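Enquirer: Same order as they appear, the protein sequences are chains Z and A.
Numbering-wise, our numbering puts 416 at position 416 of the first sequence, and it's gapless, one number per residue.
For our numbering, count along the second sequence from 1 and bump the result up by 1000.
Be a bit skeptical, because a hint or two may be false.
Computed spacing ranges between beta-carbons, pair by pair [stated by the list, open to error]:
no. : chain 1 : residue 1 : chain 2 : residue 2 : range
1   : Z       : Thr421    : A       : Val1158   : 39 to 49 Å
2   : A       : Asn1010   : Z       : Asp3      : 20 to 30 Å
3   : A       : Lys1006   : Z       : Thr29     : 46 to 56 Å
4   : A       : Gly1144   : Z       : Thr417    : 28 to 38 Å
5   : Z       : Leu352    : A       : Ala1011   : 23 to 33 Å
6   : Z       : Ser237    : A       : Gly1043   : 28 to 38 Å
7   : A       : Gly1250   : Z       : Ser237    : 26 to 36 Å
If you want the footprint, here are the derived chain A segments under chain Z, 3+ residues with CB under 8 Å [stated by the list, open to error]:
no. : segment
8   : 1083 to 1095
9   : 1245 to 1255
Since the hints were made in silico from the structure, they are not lab data.
The model shown is predicted, which means the values in this text are computed figures rather than measured ones.
Backbone N, C-alpha and C fix where the C-beta goes; we use that ideal spot for every residue, glycine too.
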Amino acid sequence: MADITTRAQLYTAMAFRQDVQIMKFGSATVDAGGFTSILNITGNPGTGTLAGTSTTQGVVPTDNDAGFPPINAFVAGNTGVLDRVHFGAGSQAAQWWLYDLLFKAGAYANNATAVALSSQPSYSARLPVSGGNPVYVGLQIWVEIATAMTGTPAWTVTYTNQAGVGGRTATISPGVVNPRLARMFQMNLQAGDTGVRSIDSVTCTGATVGTFNILVMRPLWTGRVALNNDGDSHPPSRTSMPQVFDTSALYLVMSSDSTTTGVVPEFTFGIVNRQSVSSPNDDDFIAACATRQEISWLRVIARTTTAAHNFSMLDIAGSQSGGVLGGSNTANGVVPDDTTLGFPGVNSFGGLNGYIDRIHFHNSVSSRMKLVDLLFKAGTYNFNNGTTTLTAQPSYLSRLPNGDAKGLQILFEAVTTWTGTATITVTYTNQDGVTGRTTPAFTVSAPIAGRIVAMPLQAGDSGVQKIESIASTTGTAGTFNILVVRLLWMGRCGAAGDGDAHGPYRSGLVPISDTAALYPIVLGDSTSSGTPEMQIGVVHL
Amino acid sequence: MTINSKATLNAAEAVRQELRHFKSGARTGQVAQTWVSTFDVAGSSIGTLAGTSTTQGVVPDDTTPGCLTMQSFNGNQGALDYVLFGLSLAGRLRLCDLLFKAGAYNFNDTNVTLSAQPQYTSRLPNSDYKEAQLWVETVTAFTGIPTFTIVYKNENGVSGRSTTYTPATAPTLGRLLYIPLASGDQGIQQVESVSCSVATVGTFNVLVLRPLWVGRVPLAGMTQTHGPDKTGLVRVYETSALYLMSCMDGGNTGLPSIQFGVVSG
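From just these sequences and the hints, can you work out the full model?
Expert: This is the structure in structure tokens:
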């Protein structure tokens, strides 16, 4: 098994990175300061199911399960690591944790008494190896509420510890009355233990209603969203490059500062694995600096926005003038590219591969900024459009690394200001080519011009290959586009005038096409977009 | 030697040029969050704000007063290796290559046509005019809000392109205004004519700038260093006219100081 052990290997791996995304568009009421799962909230990937499916054996969840982002296969026999995380949230300060969910047993009844497990599937293949042996140290046992409970439950689990000693006992009596759906509690291992090999039996007391699961998880990463619309970008020095697997079930847990999950938490997890080739490496990227293209993008006036929401700046005066918000084709849609008005021209890569290796960004207001490749645009549709079935849609798959449609997002974009609430349904072909998939219920209250809202995908989906139909049935005035985008980068301007320079590790050397329609999106903390600026370094090699 | 690896970069760093720029005076009375020239402010390398040619313009270089003189690259390529920067107040600093300067124009100049303009193509990587931006630099403060109309040749060599820009407020001394280009244009090969109307007092220059680097000082008195990962080893030329501007959180430019390393190989 080959690990990434040198900087040169890391750069090579970065050039082949997969960016795995988790976004949530719904929200839920939670207990301030309590741990909560967001698996069951609508988003992208589509909703997952909290309730476990086996109480007597348990299961080892994988990336293929509903609600978890799929991970592409690694180079055979090689290991992967988490090398970069972009994250942010539209509302709600919270601490976030990422785990690999190794084992799940449930859903157990509130009065489960010494329910014994047998023939439990092993998760040893999902653990780092030391001295030829899987490392169980550091694994944690958690309780996850599958349906809201009544009473003040307490749990006891017997388990086999990190050294293979059975009959050990973990307990937790959190003293929480009527724990909510998705609430989580970490269990205390028996004195002297530091990990867990298997769950052997489960008991719950003190509750009269509700169900729960028992989880075994391996912690990977943590990050803090300190205030509304906050976010950050963690390079390898802050992820510490924990090992992940191409079957890992990436599972987010939050602890909100308040009583809601907030809306639109979004995470991009960069996963790299040792490649079987040795280039491009760090030397190649240094050499490529000599022919870098510097793309400047800026706006000289601000747009009125809604606090902490995504807004387009395409039609605002600045560099690359002439952009038009309204889409030009409702029947087929179009694939915008770097020659489309309002988008920066990208020089030809001459058949080579291109990467974003550095972004300078600033804004006159505190805000978040994103950069996406606008792959598809259909519109302009009226609020009372009814259903439009698209035909002969142009394909954007050639703009994607390996033609991989996972992680792509469907966005609603208000062209003109709405009166009333927009209710939009999009039917699409998912990342695997399955047609007839439908976005869950989606409404936006009176969006103003330029507002962009990400739409959730159907449960089990994690991307989109094609838009099939678009329906709008409510509102009394307003027009909109439907977009498909690939997220490339996120950054945070923490104060007016703030910004940063993200080098290769934080930009992530994200690969782009030389026809990419680079489309910045701004999320002001208040009601102005500010006058944002970006300088995007693009290298090809 | 070509810089194409860690080893060659390290070798180039061993003989790196260190350039320093500091300002001992501040420009006050500015509008927060707007870009301002430091070109003529007291300190090292004091330049003159007012341009010297309205009918041809000039291509400033490293020997122009106000810019920093660079040593020869001996036929090799140069790159910005690191920037050490600080400010006495919170704000941003941007370093550009000043490619072209025409002025000083009056507030009421109408269709001043330029001819025989010197070319700056050799100061653009890959001769890519998309990296060239159009700016107005206020030489003396305006009374009234001016409307600037500039006719230019775009990045593809199409002449007669025209852009009109009116700022939100009357530009103060040293204020820099980014001028959006006409719809569909992404860069500028040449300035062809300049007009200004509406205002009753004020003079200005027209600049073409190539942005090289930008950095943020979040707290008064703070300093930071950007290494090659953040500068991106952006290409510079031995004749580059390095031009520093600031964008402050308040109305005072503070005292910027900047030291940068230029490698060649």
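Enquirer: So, for every hint listed, does it hold in this structure?
Expert: Here's how the hints hold up against the structure:
Distance hint check: the CB atoms of Thr421(Z) and Val1158(A) are about 46 Å apart, consistent with the given range 39 to 49 Å. The given range of 20 to 30 Å is respected by Asn1010(A) and Asp3(Z), whose C-beta atoms sit roughly 26 Å from each other. Roughly 53 Å separates the CB atoms of Lys1006(A) and Thr29(Z), a value that falls within the hinted 46 to 56 Å. Checked against the given bound of 28 to 38 Å, the beta carbons of Gly1144(A) and Thr417(Z), roughly 33 Å apart, stay inside it.
For Leu352(Z) and Ala1011(A), the Cβ-Cβ distance of about 26 Å falls inside the hinted range of 23 to 33 Å, so the restraint holds. The hinted window of 28 to 38 Å between Ser237(Z) and Gly1043(A) holds, with their beta carbons roughly 36 Å apart. At roughly 33 Å, the beta carbons of Gly1250(A) and Ser237(Z) sit within the given window of 26 to 36 Å. With 3 residues having a beta carbon nearer than 8 Å to a beta carbon of chain Z, the segment 1083 to 1095 of chain A meets the requirement of three or more and the stated coverage holds.
Check result for the segment 1245 to 1255 of chain A against chain Z: holds, 3 residues qualifying (beta carbon to beta carbon below 8 Å, three or more required).
The earlier numbered hints are all upheld by this structure, with none contradicted.
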